[in-house]
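Peer 1: Sequence:
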Amino acid sequence: MHSRPAAGVGLALLSAVTFATSGTFARSLIDAGWSAESAVIARVGVAALVLAIPALLSLRGRWHVLRSNATAIGLFGLLGVALAQVCFFNAVRYLPVGVALLLEYLGIILVVVWMWLRHGQPPRRLTVAGSVSALVGLAFVLDLAGTADFHPVGVLWGLGAAFGLAGYFVLAGRVDPRLPSVAMASGGMAVGAAVLLLIGLTGLLPLQATFGEVTFAGQPTSWLVPIAGLSLVAAVIAYLAGIAGTRILGPRLSSFVGLTEVLFAVLIAWLFLNELPTGWQLFGGALIVAGVALVRLDELRATPAPVMPEPELALDGR
Numbered sequence: 001m002h003s004r005p006a007a008g009v010g011l012a013l014l015s016a017v018t019f020a021t022s023g024t025f026a027r028s029l030i031d032a033g034w035s036a037e038s039a040v041i042a043r044v045g046v047a048a049l050v051l052a053i054p055a056l057l058s059l060r061g062r063w064h065v066l067r068s069n070a071t072a073i074g075l076f077g078l079l080g081v082a083l084a085q086v087c088f089f090n091a092v093r094y095l096p097v098g099v100a101l102l103l104e105y106l107g108i109i110l111v112v113v114w115m116w117l118r119h120g121q122p123p124r125r126l127t128v129a130g131s132v133s134a135l136v137g138l139a140f141v142l143d144l145a146g147t148a149d150f151h152p153v154g155v156l157w158g159l160g161a162a163f164g165l166a167g168y169f170v171l172a173g174r175v176d177p178r179l180p181s182v183a184m185a186s187g188g189m190a191v192g193a194a195v196l197l198l199i200g201l202t203g204l205l206p207l208q209a210t211f212g213e214v215t216f217a218g219q220p221t222s223w224l225v226p227i228a229g230l231s232l233v234a235a236v237i238a239y240l241a242g243i244a245g246t247r248i249l250g251p252r253l254s255s256f257v258g259l260t261e262v263l264f265a266v267l268i269a270w271l272f273l274n275e276l277p278t279g280w281q282l283f284g285g286a287l288i289v290a291g292v293a294l295v296r297l298d299e300l301r302a303t304p305a306p307v308m309p310e311p312e313l314a315l316d317g318r
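With the first letter of the sequence shown counted as 1, position 242 gets the number 242 in UniProt numbering; the numbers rise by one all the way through.
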């Protein structure tokens with residue numbers, strides 16, 4: 001049915017646009033004295049608590065499903081939550097934000113390579129063309145011209161973020177279908193928050209926070225406003241929609257749709273921070289959309305047409 005892939009694309013786009021709000025929410029906290037790690041812990045920790053009761057209700061007492069997927073949830077929390085975010089924020093310490101983002105989004109290429117090596121799904125010509133178009137478009141959107149020289153430590157952190165991003169898409173797409181998305185999201189974020197907190201308590205990561213007035217979108221407000229945005233919009237909605245969308249589309253296509261997060265981040269910064277996109281950035285956004293369309297077309301061409309299944313077989317879901 002065509003409605004199922006369409007719903008997957010819609011969920012992936014919702015995930016991208018809500019993930020894209022995180023930078024705008026986090027900037028007000030960081031400008032007020034929060035460390036990036038503290039903002040991440042607050043983001044995923046609060047989100048995990050918010051989703052805890054819905055996650056338990058969704059399991060309906062099927063604790064064996066939770067136990068059998070404990071490893072997958074743990075890896076999702078370590079790679080897709082903790083590793084990706086910690087590595088990205090540390091990369092920004094050494095590299096321009098645009099370069100760090102580009103390094104992180106090399107994770108989409110790692111997804112294609114993983115699907116090729118692990119599952120014997122080599123990329124076809126349209127997928128390769130879509131990859132090139134999306135990455136070139138990403139470079140234009142990030143406006144990389146004239147950025148500073150690479151710092152080797154920053155490059156390593158950026159590549160670590162790429163592995164974390166690839167792990168997010170791969171793990172979200174291969175989890176046991178009996179495990180509800182809300183349980184996967186809540187468990188993964190709980191693991192990620194706990195790991196980051198433990199590392200922070202050892203002194204390896206700075207944990208700094210202030211609890212007063214912050215400036216958000218040019219207006220003074222309580223620190224609870226960006227915390228609510230980070231946890232409810234940029235975490236709860238973003239992770240739930242992302243996991244559900246990846247289950248429908250698969251890790252490869254969902255990772256390419258996820259590239260639109262960068263375009264959405266530019267637009268959100270324009271609306272809330274008055275950072276107007278340049279013509280080259282808009283051109284890059286068009287290339288990203290074209291790349292996603294090519295990958296989607298390739299996926300459709302590779303999917304065999306249904307051969308009029310029996311009614312009872314047609315009801316058999318993933």
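Some hints could be false.
Quick list of simulated restraints, FRET-style, between CB atoms [said to hold, decoys possible]: (1) LEU282 x HIS151: 21 to 31 Å; (2) LEU282 x LEU197: 18 to 28 Å; (3) LEU49 x PRO220: 22 to 32 Å; (4) ARG60 x HIS151: 46 to 56 Å; (5) PRO54 x GLY74: 16 to 26 Å; (6) LEU56 x LEU197: 17 to 27 Å; (7) PRO152 x PRO177: 10 to 20 Å; (8) THR221 x ILE199: 38 to 48 Å.
In case anyone wonders, no lab produced these hints; they're calculated from the structure.
Keep in mind it's a predicted model, so treat the numbers as computed, not measured.
All C-beta atoms, glycine included, are put in the ideal place defined by N, C-alpha and C.
Peer 1: Taking 17 to 27 Å as the stated bounds, is the beta-carbon spacing between LEU56 and LEU197 within them?
Peer 2: For LEU197 against LEU56, whose Cβ atoms are near 22 Å apart, the range 17 to 27 Å holds.
Peer 1: Taking the Cβ atom of PRO152 and the Cβ atom of PRO177, is their distance within the range 10 to 20 Å?
Peer 2: 42 Å, violated
Peer 1: Determine whether the Cβ-Cβ distance between LEU49 and PRO220 falls within the hinted range of 22 to 32 Å.
Peer 2: This hint holds: roughly 27 Å between Cβ atoms.
Peer 1: Does the Cβ pair PRO54, GLY74 satisfy 16 to 26 Å?
Peer 2: 20 Å, holds
Peer 1: Honestly, do THR221 and ILE199 meet the 38 to 48 Å range at C-beta?
Peer 2: Between THR221 and ILE199, where Cβ atoms are some 30 Å apart, the hint is violated.
Peer 1: If I claimed the Cβ atoms of ARG60 and HIS151 lie 46 to 56 Å apart, would that claim hold in this structure?
Peer 2: 50 Å, holds
Peer 1: With 21 to 31 Å as the target window, see if LEU282 and HIS151 comply at their CB atoms.
Peer 2: The hinted range 21 to 31 Å holds for LEU282 and HIS151, with Cβ atoms some 30 Å apart.
Peer 1: Verify the CB-CB distance for LEU282 and LEU197 against the hinted window 18 to 28 Å.
Peer 2: 40 Å, violated
In summary, the numbered hints that this structure violates are 2, 7 and 8.
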